[in-house]
Amino acid sequence: MDTTMELDDLKLAFRTLEQRVQLQEVQLSRALVRRSLKARLRPLALGQILQMVFGIAVILGGVAMWRTFAHIPVVLVCGIILHIYGVATVSAAGVVLAGIQGLDSSLPVVALQRRLAKLRRAYVIGGAVVGLPWWVLWTIPPAVVFALRAEYESGAATAWPAWLVASIAVGVLGLLGTWWFHRFAERPGREALAERLAASATGGSLRRAQAELEALQAFEAEA
Amino acid sequence: MAYLQERFTALLAEHRGILTRLAAVYCRGTADRQDLAQEITAELWRAFPRYDAARPFATWMYRVGLNVAITAARKSRPSVVSLDQPLDGGEPLHERIGAEAAPLEVEEDERGRALHAVIERQPPLDRALLLLWLDERCQRDIAEILGISESNVGTKLSRLKQRLRQQLQELDTD
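Which chain is which? The protein sequence lines are A and B, in order. Mind the numbering: the first sequence is residues 1 to 223 in this note's numbering, read in order. Mind the numbering: the second sequence is residues 224 to 397 in this note's numbering, read in order.
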């Protein structure tokens, strides 16, 4: 370019661009309304409702276990763990559903984008709350079966089988290891490692949601 | 319902320019612009029953339109500002999308090219501010649309203009 343009030139160019852009008339239809924000979030809301139903079923199972077999410590502990997991699952889904309900596209831009970023963060954290405990949760059924047999079947083994102990140990170590690895990757200076996690793991998505929230706060902040 | 639709259609026709401006600033190709216009219209129509007629339609329409445009920018459409572009800036979009950008379908003069270059350098929220400035909205309107204070709008506008001048100079030296 030969000469430096001024800001007024940008405004002139904008007017020209506006005249050049030709948009076809958009017809109102059911298909069109399906493209609205809330409509597109419906599958997500449905998923959260199913998660709530699952969580309630887990709570009922957990309560039945700890109430019926309170005298068998292993079953009591497993029941309490399931109860807590169920409550966490229902709560995580509830937070996301409330977030979806709070979305209103006519909110001021910064307010809606903040709600969306919070919703994304809640969804990512909720996914971790529901998913990560399965490192150990899968060992509950065999542990309960073993404890009940030891209690009610005469002649059944009372010593824990090595495979079950090893599975629980691996599960606990896996859970702690995953938590530690995410913390490790989030530390300053390890951005490359965190980015490698980003494509498939919770850590990167959470970082992005958090970064969005920080960017919005910075935009909102009085200079 | 028919009355609502009639009223909506009339208001939309009256303020059609906003739809054009939003599509022009947030997308480059004709198909993407049309797509964004449809998404904005869908959202406007869905939200219309809650529109307070005592308030200016243009402000309300800008809010809804910008919210849709910025949210759409999170999808990986190369000709819309990218999902991964941080809201606070970062690597300029045009450097990342490079040849993937939708081809321009109209001949552009020097001013037009400069306008596109500076638009694409703005992260989504600053792009909203740039659009409202280009459309010569007053600070009060901008504050109401974006949801920040008027004084903050003033500060951000003066920084934006400073940045635009700098970017125009950079383009000039290129």
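Think of the hints as simulated: they come from the structure by calculation, not from any bench. Among the hints, erroneous ones may be present.
[Stated by the list, open to error] Chain B stretches covered by chain A per the calculated footprint, using a threshold of three residues with CB under 8 Å from any CB of chain A:
| hint | region |
| --- | --- |
| 1 | 255-266 |
| 2 | 287-294 |
| 3 | 383-391 |
Heads up, the beta-carbon is just placed ideally off N, CA and C, and yes, glycines get one too.
- Does the region 383-391 of chain B contain three or more residues whose Cβ lies closer than 8 Å to a Cβ of chain A? Answer holds; 4 residues pass the 8 Å Cβ test.
- Query: Per the coverage rule (Cβ-Cβ under 8 Å, at least three residues), is the region 255-266 of chain B covered by chain A?
  - Reply: With 8 residues in contact (Cβ-Cβ under 8 Å with chain A), the coverage given for the region 255-266 of chain B holds.
- Message: Three residues or more, CB to CB closer than 8 Å: is that satisfied between the region 287-294 of chain B and chain A?
- Response: As far as the region 287-294 of chain B goes, the hint holds, because 6 residues have Cβ atoms under 8 Å from chain A.
Hint check: no violations occur; every hint is consistent with the structure.
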